[in-house]
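**Student:** Sequence:
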Amino acid sequence: MTGCADSEVGNSGGTTVTGLPRRWALRRGTMGMMLQEQKLQDWVARLAANEDYAAHPLMQEFRALANDHLKLMRQLTKIAKISDRMQTDTRQMARTLHAASQTDPLTDLPNRRQMIERLEAELCRVGRTGGGFTLIMLDIDHFKDVNDAFGHAAGDHVLVEAAGLLRRNLRLHDLCARWGGEEFLILLPGSDQVQAEAVAEKLRQIIAHHPFVHQDSSITVTLSLGVASYRQGQTADACIEAADDALYIAKRAGRNRWAAAA
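The numbering of the sequence shown is this note's numbering, which starts it at 509 and goes up by one.
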């Protein structure tokens, strides 16, 4: 006998028969159980093919025990398959719930929660490596009038279409989130004030010239935007407040324009 898990026993014909391991520990996972089941079947078949073992008085009892063991292993394999499916479903559900918790259901944009997390991460990045970023807070002008004149379905249509236009006209690493109601907040990593002002003007023109149509009704849509670059030592709340203050400067100046933070 050797010290390995599988021992070899010689027979009169010079062939060998693989021995059953002293301990049969179930391998983790469905595939491991299936392999172990096949291993037991092969081992029993090799014993039956060996004349010395086949003629043993206990061979019939051993076969019965082996068959019972195989039945139990098949049941365990089925249980393992069910467990694997449940774990896969659980992971998928967790991913779905996480995405839902960070996504606005109407516009499919990131929501306020995801924006705050991303902004906090950006502040950490700036603190480690330097650089900066800029926020643009924007609001659809006279959005209540759209709802009153055309209905809430039209208002939702405007929000969804405007959200798509904003997202498609930003860089891949920029983040546009629905901040609340008709307000959106845009994070521009690595952009300074001048660059962000150019982005704000581009977005303003895109929305102003886009034909918003709902049920054959043409809807005029414009934006007011506030632009605020990060200043050293600012908190996330302070950055957001600066962009919000700039937005109200644009609104007081007549809307359909952008304004810079004071």
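The hints are simulated quantities; they were obtained by calculation from the structure and are not laboratory data. Heads up, the beta-carbon is just placed ideally off N, CA and C, and yes, glycines get one too. A portion of the hints provided could be inaccurate.
Computed cross-link-like contacts, BS3-like style, restricted to lysine-lysine with a CA-CA straight-line distance of at most 27 Å [stated by the list, open to error]:
hint : residue 1 : residue 2
1    : LYS579    : LYS547
2    : LYS652    : LYS759
3    : LYS589    : LYS579
4    : LYS586    : LYS547
Computed Cβ-Cβ distance ranges for the label pairs, DEER-style [said to hold, decoys possible]:
hint : residue 1 : residue 2 : range
5    : GLY635    : ARG760    : 16 to 24 Å
6    : THR743    : GLY659    : 35 to 43 Å
7    : CYS632    : GLN713    : 46 to 54 Å
8    : ASP700    : GLU625    : 40 to 48 Å
9    : ASP724    : VAL702    : 21 to 29 Å
10   : ARG636    : PRO613    : 28 to 36 Å
11   : ALA608    : ARG554    : 51 to 59 Å
12   : CYS632    : HIS577    : 14 to 22 Å
13   : PRO613    : GLY639    : 30 to 38 Å
14   : ARG599    : PRO719    : 41 to 49 Å
15   : HIS577    : GLU625    : 13 to 21 Å
16   : ASP656    : ARG621    : 25 to 33 Å
**Student:** Would you mind marking each hint as holding or not holding in the structure?
**Tutor:** The hints, checked one at a time:
At roughly 14 Å between alpha-carbon atoms, LYS579 and LYS547 fall within 27 Å of each other, so this suggested pair holds. In summary, the hint linking LYS652 to LYS759 is supported, as the alpha carbons are separated by about 15 Å, within the 27 Å threshold. Distance restraint check for LYS589 and LYS579: the Cα-Cα separation of roughly 15 Å lies within the 27 Å cut-off, and the hinted pair is therefore satisfied. As the CA atoms of LYS586 and LYS547 are separated by approximately 18 Å, the hinted pair is consistent with the 27 Å bound.
Range check, GLY635 to ARG760: Cβ separation about 34 Å, and the 16 to 24 Å hint is violated. Separated by about 40 Å at the C-beta atoms, THR743 and GLY659 satisfy the suggested range of 35 to 43 Å. Between CYS632 and GLN713 the CB atoms are about 34 Å apart, so this pair departs from the stated range of 46 to 54 Å. Range check, ASP700 to GLU625: about 23 Å between beta-carbon atoms, so the 40 to 48 Å window is missed.
Checking the proposed 21 to 29 Å range against ASP724 and VAL702 shows it is violated: the Cβ atoms sit about 42 Å from each other. Taking the beta carbon of each, ARG636 and PRO613 are about 34 Å apart, inside 28 to 36 Å as hinted. Taking the beta carbon of each, ALA608 and ARG554 are about 55 Å apart, inside 51 to 59 Å as hinted. For CYS632 and HIS577, the hinted distance range of 14 to 22 Å is not satisfied, since their beta carbons lie about 57 Å from each other.
Between PRO613 and GLY639, the C-beta spacing of about 34 Å keeps the proposed range 30 to 38 Å intact. Checked against the given bound of 41 to 49 Å, the beta carbons of ARG599 and PRO719, roughly 43 Å apart, stay inside it. Checking the proposed 13 to 21 Å range against HIS577 and GLU625 shows it is violated: the Cβ atoms sit about 52 Å from each other. In this structure the hint that ASP656 and ARG621 lie 25 to 33 Å apart at CB holds, the actual value being about 30 Å.
Hint compliance for this structure: hints 5, 7, 8, 9, 12, 15 are not met, and every other hint is.
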